[in-house]
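With chain G fixed as given, assemble chains L and D onto it according to the hints.
Chains as they are written, first to last, in this note's numbering: chain G, 527 to 1024; chain L, 2 to 335; chain D, 3 to 288.
Simulated from the structure, these hints should not be mistaken for lab results.
Be aware that one or more of the hints could be misleading.
What the hints assert, rightly or not - Straight line, CA to CA, 30 Å or less: simulated DSSO-like cross-link-like pairs of lysine-lysine:
1) D:Lys13 with G:Lys950
2) L:Lys280 with G:Lys852
3) D:Lys13 with D:Lys48
4) D:Lys205 with G:Lys934
5) D:Lys125 with G:Lys663
6) L:Lys54 with G:Lys573
7) L:Lys267 with G:Lys838
8) D:Lys125 with G:Lys950
9) G:Lys663 with G:Lys611
10) G:Lys960 with D:Lys285
11) L:Lys54 with G:Lys838
12) L:Lys54 with G:Lys852
Since this is a predicted model, take the numbers as computed values, not measurements.
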Amino acid sequence: MSFLEYAPAPESQAILNLRSEYGLFIDGEFRSGGGKPFASINPATEKHITTISTASADDVDVAVAAARKAYDRVWSRMSGADRGKYLFRIARLVQERSRELAVAESLDNGKPIKESRDVDVPLVAAWFFYYAGWADKLDHVGLGAAPAPLGVAAQVIPWNFPLLMLAWKIAPALAAGNTVVLKPAETTSLTALLFAEIVQQADLPPGVVNIITGAGETGAALVGHGDVDKVAFTGSTSVGRAIAKSVAGTNKKLTLELGGKAANIVFDDAPIDQAIEGIVNGIFFNQGHVCCAGSRLLVQESVHDEVIDRLKTRLSTLRLGDPLDKNTDIGAINSAEQLERIRSLSDVGEAEGAERWTAACTIPDNGFWFAPTIFTNVSTSHRIAREEIFGPVLSVLTFRTPAEAIAKANNTPYGLSAGIWTDKGSRILAVADKLRAGVVWANTFNRFDPSSPFGGYKESGYGREGGRHGIAAYLKTAAPTAVTAPAKRTPITKGASK
Amino acid sequence: MTGTQIVPGERAVALLGGEANDANLRRYLHGIPGVDAVGLEQRAAGLGTRSIKTTSKAWALDRIIGLVDLTTLEGADTPGKVRSLVAKAVTPDPADPSCPRVAAVCVYGDMVPHAVQALGTAHGDPDQGKIAVAAVATAFPSGRSSRSIKLEDTADAVAAGADEIDMVIDRGAFLAGRYGQVYDEIVAVKEACRRADGTYAHLKVILETGELNTYDNVRRASWLGILAGGDFIKTSTGKVAPAATLPVTLLMLEVVRDWHRLSGDKVGVKPAGGIRASKDAIKYLVTVAETVGEEWLTPHLFRFGASSLLNDVLLQRQKMTTGHYSGPDYVTID
Amino acid sequence: MTRLAVPKTYKLYIGGAFPRSESGRTYEIVSAKGAFLANAAKASRKDARDAVVAARAAVGGWSGATAYNRGQVLYRIAELLEGRRAQFVAEIVDAEGVTAAAANAQVDTAIDRWVWYAGWTDKYAQVAGNANPVSGPYFNISVPEPTGVVAIIAPQDSSLLGLVSAVAPALVAGNTVVVVASEKLPLSAISLSEVLATSDVPKGVVNVLTGSPAEIAPWLASHQDVNALDLVGAGALDWIDLQIAAADTLKRVLPPENGPDAAAPSLDRITAFVETKTVWHTKGLI
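Excised from the complex, chain G in its bound form (with noise of 0.2 Å):
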């Protein structure tokens, strides 16, 4: 045996203790859904995980009004100092628990082990103490003394990082002092009834978090219904779209973070060998189901066949397999359904006539894999290089001028995220000043962290998560006293129910 196979070293198991089936957690307990239950499977084998329930329209309901009674009886009026205490709490008891809900993370996702453990899992924990300290110093977000929270927030997160996600919506609005409802996706619903328990065990008073789960379905019920003050929506495009339809002239408060088909822009002068790491990292980390993913590739003419050359060189050793095995870089495609979606797409791409390349490995006979695939001789006119595939697939480009990289990186209706990879410090500045994207990493791609904003220019979305900004987003400005009253101000709004 070669010694850079690797012996098998999988991340056991043994650690998580799963129910047969999960309810709601609503007010503080779990009780059955009234929809129809459904299977959450393991996407690296297809093999039954747990049985999840669907929320009705009857449960979503319950599950507003837990989180109105909560706010208007408990968490509203609770000072922001225990506020946070609770959200400290929250924060030790993630890490405590943190092998656990990275093996269940990357069970129920297919993303690698490392990545949920040295990711995913210590990026939670570390968005819930960003906010926890938040909590009594709202007065400093920058909406003027004592901003009040919205009230109830309706929040819906994909499934390219269930946990992640639930934390980035739950922190802040916890620490503004909202009371939430949350609906995970329906793949990957695990880790937010995991989070269910560790709400629990933290003694968090009942209904100031809410986690029901289901379809789309339920989710527009829960985004739709009228005693929702906010609506915080991660996901597609076309779903943030008759989201922003649907809470038009009403007094919800809305962010969207949504899709992305971001150019990551290699000069000729780019640190080459960490700009192809950092390539691999923009499209492969999560397998590509990242949002902000890296996808368009804008390497300048001077060194494209040298990029490409090890970018190959460099494909090759990637490790596609088992999720939970701790040497697996690439793990399994989330559900059926994407990867039908990526397959369709790449073929779009070949029939285009793009040049097609597939690192050579093993696909496992069960579950859902795409091996990693780069498309080079790709033209801006191109489906691949303008619709988010949100997979292992990597679209190639090229640009001779500084001018021609930023117009082509411009040249779409996203505006999510981008890269630039230079030695040339001006150039990044410069560069990063024109590129119509709300994230832009400069020789490096992929970092999240709390106190840092996120999200996008033009159809990737609205407002922002993460910092300052990202608590912003959860607040109002104090209503205004007959004393200091500035100007007033009337909205206008369509029948609001409360």
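Here is chains L and D on its own, set in the frame of chain G:
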């Protein structure tokens, strides 16, 4: 063992398209893409998280032993100390005859005859299962002496039977931008490695990366060492902190990989100093395998310069064989 | 014997020029007492389209100007307005039927509003931006940037102040504007355009349409090259439909406001039309 047979300096002339003077070398070395420290260190850290278990681990432990330059470089070294070192090199684990031998013993130049004598028939090419004698030379570790002394130091050790010469570059000249001087000296030392029969002792070029300080410098010095005809580039003397680190070694391996892409030649890499635990040594093996390929994990292309590492590997090896944790009384001191 | 006055032809203001509506349409503007004042141009969807093209073309220059420069340009508007205040007072008295004192107060406030927003150009980024202490070897900074082209439905019950209150904050960050003036009180908007045209505001940065907001607004709300929509004066329109149309390209939208203090001065009005960009940069000493 025998080093490359090319005329010293030939590599550089071919690549630079001209004389290897300060200006030409500067133009070339400063045209190499830069290194982003954060990215390099993250990549090294990522490689360090590989989990090497069971059969892979057993193979790795044995291979580490076979790649060790078992070293003693003390002012207090004596023939007796060197004999003891050689005995350990030949029989690392007296309780286990299946335990492989190390690649070489590494000593000061005046200790070479004692090492050669102590090795006896075990002396030879590590690729053939024998043990080589490596000598540090060129006014090791500082390198601060006249060139004639450095060359004599080298020739002496070769004449005494050293198979490998671990030279230090002139870091002062390098940092002052006198690349031509550094280059010329390596070429001259390489020439001093020439034996009467026209073969060359293997030349390891120590960059002393802890003094070069920046990754860009390490990358340039690595190229310089290779262009001047080094068979190996080596991180450190072990006398300066930091000595070998995983990011520095990764960076040097990347240069070796790029040189191989460019020329087809294979140059070796030797991290030295500070690698004491098996767990760390395994990270280096992973880094070699994933950067230049597994074929580099042979004594003529990769070495560990170490002394205490060997016993830790032996403890781990015993654990794998017996299933119990071992203790320091169950491995020998040299 | 009194001199016969020379009345002004009120046209649109697009790309720094004063074209008539491409449709050739006008509509009659009457005073508060019902007297004929002028025939204003009645902008069509194609005029709106042209205005968006002009606004888009101006984004690069305006957003790329230094904040100090934008501040001086906005302050210059105040200076010129001050010099032509008599004209605006007269127009407001005629159109709104208010007293000269009230008209004077409106002009004063409008001028002061330009001054207030002029001072924000080189400050809002410091207030709305951040250096972020991320846990890693990175320089990380968040800066607000203009969102692009902002379409505005100006307050309908104000000649000058409502318009200025909505347009000025959008310009602070470097956005360009297509504004639909008050349908009944559009004359001051065109007079303001004449001020803008003779000040230092680059062409295309502000484009003013007169006519029917109900007719033009849907085209702006659904226009794919418009980044944001300020519905402050759209309360009487079917504005929920406008929001729904705007959602197709996920425009940033401000809702309608009522009352004399609509579009009151605030930092929120500036930051409503900015995007926060966060840049990560590795830091390495060695």
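Okay, the hints, checked on the actual structure:
no. : hint                   : result
1   : D:Lys13 with G:Lys950  : violated, 50 Å
2   : L:Lys280 with G:Lys852 : holds, 16 Å
3   : D:Lys13 with D:Lys48   : holds, 15 Å
4   : D:Lys205 with G:Lys934 : holds, 27 Å
5   : D:Lys125 with G:Lys663 : holds, 23 Å
6   : L:Lys54 with G:Lys573  : holds, 26 Å
7   : L:Lys267 with G:Lys838 : holds, 21 Å
8   : D:Lys125 with G:Lys950 : holds, 29 Å
9   : G:Lys663 with G:Lys611 : holds, 13 Å
10  : G:Lys960 with D:Lys285 : holds, 22 Å
11  : L:Lys54 with G:Lys838  : holds, 27 Å
12  : L:Lys54 with G:Lys852  : holds, 10 Å
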